[in-house]
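Build out the structure end to end from the sequences listed, making use of the hints.
Take a look at the letters that make up each chain.
Number of protein chains: 2
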Amino acid sequence: MLDRTDGRPLHQQVAESLRQEIVGHDLPPGSTLPSEAELCARFGVGRSVVRQAVAGLAADGLVIRRQGRPTVVAEPTEYRRLVQRATGLFDQFARRGHDIRTTVVGLEKATPPAPARASLGTSACLKLERIRLVDDEPLSYVRTWLPAARVSELDADDLVDASLHRLLSQRYGLRPVSGQRQVRAVAADERLAAALDIGVGTPLLLLEGETADQHGRPLEWFSAWHRADRVVFDIDVSETAETLTLDAASPREPAGAPTGRSRPTSEDLARARELVEELRTLLD
Amino acid sequence: MLDRTDGRPLHQQVAESLRQEIVGHDLPPGSTLPSEAELCARFGVGRSVVRQAVAGLAADGLVIRRQGRPTVVAEPTEYRRLVQRATGLFDQFARRGHDIRTTVVGLEKATPPAPARASLGTSACLKLERIRLVDDEPLSYVRTWLPAARVSELDADDLVDASLHRLLSQRYGLRPVSGQRQVRAVAADERLAAALDIGVGTPLLLLEGETADQHGRPLEWFSAWHRADRVVFDIDVSETAETLTLDAASPREPAGAPTGRSRPTSEDLARARELVEELRTLLD
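Just so you know, the protein sequences line up as chains X and R, in that order.
When the count follows the numbering used here, it moves up by one through the first sequence with no breaks and lands on 294 for the last residue.
When the count follows the numbering used here, it moves up by one through the second sequence with no breaks and lands on 294 for the last residue.
Fair warning: there could be bad hints in the mix.
No distinction is drawn between identical chains; accordingly, a pair holds when it is met within one copy or between any pair of copies.
Claimed, not checked - Below 25 angstroms or equal to it, Euclidean Cα-Cα: the simulated SDA-like pairs (lysine to any residue) are:
1. LYS137 to THR121
2. LYS137 to VAL33
3. LYS119 to GLU46
4. LYS119 to LYS137
5. LYS119 to GLY17
6. LYS119 to ARG201
7. LYS137 to ARG201
Derived by calculation from the structure, the hints in this document are not laboratory data.
This is how it looks when you write it as structure tokens:
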């Protein structure tokens, strides 16, 4: 319900309430906005107030009005990142034709926080801070901790508009291949808000974790705060990935992961055999 | 810097600024708080103001003060969910000994939004809305769209304190095994804030997507908003998962996924051959 002592015009309050539902995916992209009559009843306002509110949302690009058909929630422009891969943002985005740029905010010797120190096994680290921009707008702020001994003579200039993972592979022969990642939603503090050009408190999608090289040795520990209005993480759930993740990767399973998985069924085994054949075909 | 015209006491402003950095993971759990001298210099305040601010953070459980050693950021209680699996929250959490409860907010015939309709291939759906609670506190709000024809006689009572996935398997013989998922950070709107007992605008971790059954037919389309102060999504990145996801799962890749992947290197192929042998050993 609206607060008539609020001071803001009623159409603004209706628009704000709908905007929150759209941004929160309570009304996801492609869904139909409730009819004018329904909105009038729900907010206890007249049709002209509802029309003005919806016109405001349309002007902001949040909804699309269509002649003689219901108004729908617009699809925002989003950048997608497949987070199961060790592949960095640079390679994933460049391949799709996005112009990704990188600003180096800082590169210095520093002592990492306890979790990074534990993961990397050393406190002699480089702290690298970067802003990634796509199509000239900030997309993410990335803080990476690297074991100093493994990346000697790393220079900030090497990383401007470049991929850290590519540099690690090409110059140091260190290929980032595996790791544990965590995804969190956090509110932007002042520093992150300024760097990413958003308001303090705006939700950010935080990807954190470690990456090991092809020999299983720790290579980096990072926190990457992504603008949540522009970035979506994609995850592919599949029986094969599930089976392999559980069985093949068990030495690196996180402490909190469940144990005691039951034996695969005959159906699972049949599927795995199919998979083996498919792999053979692919490779031979 | 502090705003001396702000009206709030200086120690509150210092505490709020540090609280934002802790909650935003700019100061991650286990990291050392800057020293009193550093904080005095940074905020331009005296030592007693800094001490009062840090005491406030300690009283709220955000930091831990230790005699003669630096103050560290506390590890919050977090519930972890491995999002690469089709396994629902219920099974993952129950296995770890958490007492998970489920309240059914509603179950009704309804028309799903366009993306759910496209995924499920029908508009004759059931809309199921549930709140999941762990240790009696709300953890997530889940809206699930199910094709009505595949789950006849589904009753809200069947789902109280129960697992939807288990019910689908046991009663309908439909085993949820694969799917595409998206992770977003969104701000809570009024309805979600009330249901999850948090403030409007608080960041939520949204897991959205579809799940297919063992025959590859669409089974559900869901949006699950998780309290971001309590839930972390775990992701396991591994070379094997990466290879298989890319090669084997390509028919189900989302529209936004990269195309034109370069040919695998001879090293990749060698690894894949190893994998095939490993799979054979496992299965034969």
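Handout entry: Earlier hints that do not hold, by number
Key = 5
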